[in-house]
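Engineer: One letter stands for each residue in the lines below.
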Amino acid sequence: MTDDLKGIKGSVKTAFFLALKDIFKDKKVTCLVVLMIAFSFVNLMFFTSFNYGMTNTMQDEMINTISSHLSIEPEADDTYLQNVKSTEKKLNLISGITASSPHIDKHASITYKGKTINTKVVGLTPSKEEEVTLVPQKIKIGEFLSDRDANEIVLGKVLVKNKMPDEDDWGFGEFAKNALDVEVGENVVVTYDNGVSREYHVKGIIDAGMGPDFNAYVTTKEIEDVYNQKDEATQILVRLYDRDSADEYRLLIMQQGIRGDVKTWMDKAEFIEKITASMGIITGVMTYIGLLTVAATIAIIVYINTTHKRRLIGVLKAIGSKDITVLLMFLTEACIFSLFGIALGIVLMNLISVYFSYNPMITPIGEIYPEVQLNLVLITFRTILIAAVISGFYPAWNAAKQNIIRSIWGE
Amino acid sequence: MDDGFIRTESLKKTYLMGKVEVSALRGVDITVHEGEFVALMGPSGSGKSTMLNQVGLLDTPTSGCIYIDNENTSTMKENKRVELRLNKFGFIFQFFSLFMELSTLENVMLPMMLSGEPKKECKDRAIELLDIVELYDRQNHMPSELSGGQQQRVAIARSLMNRPKLILADEPTANLDSKASVEIIELFKRLNRETGVTLLMVTHEEELGKLADRIIWLRDGKIDVEKQFVSLETEELRVINPISA
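In order, the protein sequence lines correspond to chains A and B.
Quick note: the first sequence, position 41, residue 41 per the working numbering, numbers continuous.
Quick note: the second sequence, position 191, residue 191 per the working numbering, numbers continuous.
Warning: the hint list may mix true and false statements.
Stretches of chain B that chain A covers, calculated by requiring three or more beta carbons in the stretch to come under 8 Å of a beta carbon on chain A [what the hints assert, rightly or not]:
1) 56 to 68
2) 83 to 89
3) 97 to 109
4) 113 to 127
If you are wondering where the hints come from, they were derived from the structure by calculation, not from laboratory data.
All C-beta atoms in this analysis are idealised placements derived from N, C-alpha and C, irrespective of residue type, glycine included.
Only chain A is shown next, with the shape it has when bound in the complex (with noise of 0.2 Å):
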């Protein structure tokens, strides 16, 4: 080994062996140090976190209320699909749709004690609905509709006034001035747009959490009495093994000549898109202060400890150390410090995750819970650490720098 060769080991092995005795030298310091790593760590992937967590809960609840994997919607120039039963047909023959459920839309207006909401009135099945989303199953009072129903219907919980004393107004704004007195068994005067007016049971008062929550539901076989429609529809949602898979079948779908525009669920989902990136600023902001407090703070332990130890590093110059050993071992302590602090900010931010996965935070849209990718670990892992180096760099350098006599009068 050249002398060169020899040196530098020698540099990095004295920096790193001083740097990890310094810090095993005053414990409590040390775990203060490490601590006050960790809940920055924590708090870098907390927010950053809980927006993913929100981002996958809107997408779900979207996909399992409003829009499946795939819709198929009418063309620009069409009001309704044709050929329903034909398209199904055809859907049900591709491997890896799981199911598909036609609806068809209509405006209508509902009145009970001569009070009037305006609504969407939407004709599905609810044995095809069932595979396709989870609507039939957001019943909050009552049941949902079944095939054979005529004269019943299911409302959405913002058309209705609340009566459940633990929980606040359903609706809002108009919806809210609005909401009809009704409850289960009575019964609504739904007049729809085409001036047809009928009498229905209320069956049921949906609790979706989203847009089915501001629809009124009906059978298909209802619509297509109350219309004179046959084999038409709205949209049809397709229901995928694989929702990741979306853009795929998309293509199938196109291939296999059914007319329609067909969206994935990601077309549908540009609004959550737009929401949690508006989310995401705020976090990054919250982020980029986080990290400055990190930055902050580890520069001044660096300094501090620059300071303490002035007179040695005028000694360790003194006896031959190179200015970069001490500015090795410097950094090296602030990196060790945050490699210490992200470990135990990981164990910490995995405990806040399963605490959360028992008691997920209850929003209107669904259950929230912070969501701990892989990829943003590394992330933050990656800016603390770098962080770490840049905010320890300059009183590292500054140390390593000190003029030896200087430093060994402590001047």
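Guided by the hints, dock chain B onto chain A, whose structure is given.
Structural biologist: Using the frame of chain A, we list chain B on its own:
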């Protein structure tokens, strides 16, 4: 021709204290031969520590030259100066300059570790030196568990780790009682005699200085010629070491 292991020529050092220029050294010429034990003495502010720092390459002179082993250090790059400090010099300071988080053994090992030597060799050499300074049984003690004299002996062992040719000691006994001070100087003399290492020691205690082979007196940043003459006469009477200049 023997030019000496250390030779300074017209060595000057000027400091700025605020806006005032202070001349700590005003053209000092000294020669120290290999294997000599020389004490630098003088009153406070005479420039003895500044002189030691210049010779030890801890600082750079304002003008003049320092030759170490016939090599002009004023033209040396910083890397080379660091290498000299690590491999040819050993330093002992007046305060107990040990790393408190390191054991006695680890403190002694430090210079050899910096040289990149394997840990086993560092440890063996450190134990050997702790034995020489009579602290073999204290190798796993922390500095805080040692007396001032013992700590200074650890610093001496550390200064010898890389088998230096020159040991520079800046008032090594300043913080020790008289018994410990004599022990340290006796240790220096023994090391000087047994290993042939050159010793340049700053002290303000004349009794200790007299234990060296030769005293170089400084006053106001210059050689104190008058005192040097008296000292030389005393030296000649004592006939301690025939190598003295």
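Engineer: State for each hint whether it applies.
Structural biologist: Cross-check of the supplied hints:
no., hint, result
1, 56 to 68, "holds (count 3)"
2, 83 to 89, "holds (count 5)"
3, 97 to 109, "holds (count 6)"
4, 113 to 127, "holds (count 5)"
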